[in-house]
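Listed below are the residues making up each chain.
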Amino acid sequence: MTSTTPTLVAAAAALNASKIYGKDDSEVRALDDVTVDFAEGQFTAIMGPSGSGKSTLMHCLAGLDTLTLGKVFIDGTDLSGLNDRELTVLRREQVGFIFQAYNLIPTLTALENITLPLDLGGVDIDQAWLNDVVRAVKLESRLTHRPSELSGGQQQRVAVARALASRPKIIFADEPTGNLDSRSGAEILAFMRHAVSDLGQTIVMVTHDPVAAAYADRVVFLADGKVVDEITSPTSEQVLDRMKKLGS
Amino acid sequence: MSSPVIRLTLRGVLARKFRIILTVFAIVSGVAFVSGAFMLTDSVKTAINSLFEELRGDIALEVRTPIAFGDEARAERDTVPAALVSGIAAVPGVSSVEINIIRESTIVKPNGKPLKTSGPAFGISWLGQDGLDGRTMLEGREARGPGEVAIDKASAKKANYVLGDTVTIVGPTGKGEFTLVGLTGTGDTSGGGGASVCAFDPATADAFLGAKGFADSIYVGLEKGASRSTVQKEIATLLTNKYEVIPGEQSAKETAGAINEIIDIFGKLLLGFAAISLFVSAFLIFNTFAIIISQRLRELALLRAIGASSRQIRLMILGEALIIGIIATGFGILGGVGVSKGITALFNATGAAFPSATITISARTILASLFVGIGVTVTAAMVPALRASKIPPVAAMRPEIGFTALQHSKRLIAGVATLLVGITLLCLGLFIQPGGAIGILGASGLGAILLFLGVASLSTSFAAPMSAAISRVLLFPLRPMTRSVAGRLASRNAQRTPRRTATTASALMIGLAMVSTVAVIAASVQKSFRDRLQGSVTADYFVTSDGFQGLPPAFGEKLAALPELGDVSPFRISTAQINGESKQIGAVNVEMGNIVNVKLASGNFASLGKGQILVHRDPARDLALSVGSSVAVTWQNGTTTPLTVGGIYNDSSIAGNWLVSLDVLSKASTAPPVDFFIGAIIADGFSIESARAAVDKVAEEFPSALVQDQAEFQKSQEDQLNQLLFIVYCLLVFAIGIAVLGIANTMALSVYERTREFGLLRAVGMSKRHLKRSVRWEAIIVSVFGATLGIAVGVPLGIAVSIALPESFVNGISIPFGTIVFVLLASIVVGIIAAIGPARRAAKLDVLEAISAI
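Protein chains in written order, with my numbering: chain E, 12 to 259; chain U, 4 to 857.
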């Protein structure tokens, strides 16, 4: 299952990636020789039980954390060769993030949060694109509000808009619906699906919710730091079924 | 590029207004001291310079005796023959010539008592309206003959004299009676700037003031249109090279310069306190930023994750510091106006009579304030900012990683190194003393700063165990219930974040270390003074002047003539060069040997009477002098007296390093003599009461004389020291106040962070009172920790400084245990005060809301 060589044209890829904490007896392998790639224009879900290494994999792919062994690539660039400054630029320009919570800077308005990566990079804002994104996530009337004045669902929509605003190569989402009620969660997932199908975005999402995973084109399963299975065009029943097997 | 950084910075500041106000407040006081010091010196100097220009009136030229070396303004000048006046008056272009004689002369009130003045009591020679100094005629006319006098209007009013009255005046030659013919003023005031002034005509002044045909100097006024340089040259040709003729404003500048030096010293003192409060503020700023950063850990990590560079994070934090610094500096400059006005008012209230001045705010004042205010804030924020920029982006999702990244492992090594370098520098400065005063202050000052930083840094390591120990001691006397709940919580909380406890306590440590240092030095000085008084002084009476101008020799002569007194000797001080270096030489009678015990090592005191010189063992050793050696003493007028060493002595505490007889001095110099103090012993067969009555009777004629027996002398000296200490403590209170703010700040933050915990405690049944008490105890533990550190640093520092001080100040160490206990008790109060706000806030928390807080 781990035999495929990742294609360099993939939006993101991991090659024999290992992340090891501790030493000798207390050694913990959060990632154990993982090789996987994520094609451009696809919506991929990474699933697995707690402690399976799915978050670690995502953090390493996104350049937030470093591997102990192996390599990760974003758009063909080997991240292990980059210093902190280059990683920062890569995150700013090539990668978008949607976290479970604490997504927004509390002192900035919704619009300022959306354009923050662009502002930080000193990039001119493509106003037409920004308008499209804002319209897509239905935030037109909320742009001047501070995060504390927005509902949880609205806050996550701001985070989605921010991730889309810079048109990154790839967006990583870490349990984006974990803190939301099911209706707001469905809304967010629909936006992400829309971004992939209609806007050509690439998204990798870590989740443990089979319903969320069913929005994806492909689901990759992790257990004990290894890729153990995958499904394409999943339904939530299929996903639930696989998860049960992994759990047993 | 920088616009989002600026936006984030501004929003960051606005979001934390309260915390930032506290921080701003801390810096404001430091900047206020800095700008106040500059404003005070600038405005007082300007006022003094213009006052002296006014006082000099229209003196175009002044004839005086030059000095061979030393300070022009404070020089002891030989007199000038008054006879030169006629020659000078004949020089073409000269409009008027006036002799300048100033001697102590006291006005006696109609009831026979001398008129008390806040300044000196002068008798002068004055020509009246034609006179050249800044004196003005307010009523009547100038004195024109032997029986007439004009006095300043303010003194006349105080003594209840009107024109035509007969006024009794005590002058250097004795008592005289004069008809009051005129009332004078100075500039636009009716007084003499706190002094009383008796103005005589030149002949009367010469006789009554005992000038014997000589003047202190001669004033020359010019006709309109006359060239000053031509007249100056003309006069110079009349004079031998014993005298010089200088432009009038030159000596005005010299005198003003001497006063400016005193103002400068005062300004430097203020700057010293500014440095201390800024140093303490730096800890508070450091702490505030460290706190702000851990509060915003997730936010900062998020910024990093979505593409902020570590440089942008650093700039953002430093930008916040910059804004705080600018705001604080603005308020600080305003505060400086208050400081400088307040100090002027304070000094005027004690009778120092600073000239009233409009506050001058120069560009330099603003620049220095900005430099200091912004510099300190940004520097203190540097380390937290650096640390913030190292927060890994992944901490946005896993905050625990971020907190680990904020830890600092090399603290112990860095702390020990800083401490050792500090102690080394301090010892170098205090004991080896390289490069004179600047070297001493520079090395020991830098050493002290490093010492404080080292201890502050190391204190993190023992904050936890020491907090535990302190709480055990403090909580022991409490009821077991309290001890077990509120007390234990407080103690655990203080130990929970040792670094924060340590930084918070460090601010207080510095203030209290200063207090203990000063207390030890003061106690040692006092002890040394007492020992010296007991060991080396046998005088029954000390007479000193309560002004700055010393005592007229006539007083000592009158005392010597009293049958009730045995040995009497004045102590005069003169400046002279020995071996090319300027020295202070004491001149005394041979009787001084019985009044002060200088502890002769060789030779005898009587040799003084034979015109020989006595030398303290230190300069004797430096110059390889022994009994019989020759020393050449060059006085300020250029005269050199060859002297033979008649004795070497060990105790310089009162006598100084060099002693000659009054005879030697008066033969060498004709400068008007002034006695620094007079020592006297009661003659055999007279009671203390009768002797005192006789001395007091003589002293009545000399209002500036202060007669004291040993106990009174000791008390007055101690009072002076205590007054000085009081001022120093008052200024240190500012530093301690800033530290209190720091503790309040930290406590407020702890309460904020533990909202959930407090909610839980309240939910399971802790009362508001217990909760408050727990917060209060934590503040007390932190401040007692700070006080303990402060005493532990300050007492040894005080001992070191006391050892380093010259023997004439300190020759023994004394540790003021009372003060130390007081400081410890006061720190408990400090903790209670700092906890008022945070404790109230903790008690106000709504239980349900607190539990559901994230």
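It is worth saying that the hints were derived from the structure and are not from the lab.
No experiment lies behind these values; they were computed from the predicted model shown.
C-beta: ideal position from N, C-alpha, C; glycine also.
Hints are not guaranteed to be accurate.
Below, simulated SDA-like cross-link-like pairs (lysine to any residue); rule was C-alpha separation at most 20 Å, straight line [stated by the list, open to error]:
#1 U:Lys271 <-> U:Lys393
#2 U:Lys20 <-> E:Arg157
#3 U:Lys393 <-> E:Arg157
Just some of the chain U residues that point at chain E, by a computed CB distance under 7 Å [to be verified]:
#4 Pro7
#5 Ile9
#6 Ala206
#7 Ala210
#8 Ser312
#9 Pro396
Here's how the hints hold up against the structure:
1. With a C-alpha separation of about 41 Å, the suggested pairing of U:Lys271 with U:Lys393 is violated against the 20 Å cut-off.
2. The hinted pair formed by U:Lys20 and E:Arg157 meets the criterion: a straight-line CA distance of about 17 Å does not exceed 20 Å.
3. For the suggested pair U:Lys393 and E:Arg157, the alpha carbons sit about 27 Å apart, so the restraint of at most 20 Å is broken.
4. Interface hint at U:Pro7: satisfied, since its Cβ lies 4 Å from the closest Cβ of chain E, which is below the 7 Å cut-off.
5. The beta carbon of U:Ile9 comes no nearer than 10 Å to any beta carbon in chain E, farther than 7 Å, and the hint placing it at the interface is violated.
6. For the restraint placing U:Ala206 at the interface with chain E, the shortest Cβ-Cβ distance is roughly 86 Å, beyond the 7 Å limit, so the hint is violated.
7. The closest approach between the C-beta of U:Ala210 and any C-beta of chain E is roughly 86 Å, which is over the 7 Å cut-off, so the hint fails.
8. Restraint check, U:Ser312 versus chain E: the minimum CB separation of about 5 Å is within 7 Å; hint holds.
9. Annotation: U:Pro396 was flagged as interfacial toward chain E, and the flag holds, the nearest CB pair being 5 Å apart, inside 7 Å.
Consistency note: the structure conflicts with the earlier hints numbered 1, 3, 5, 6 and 7.
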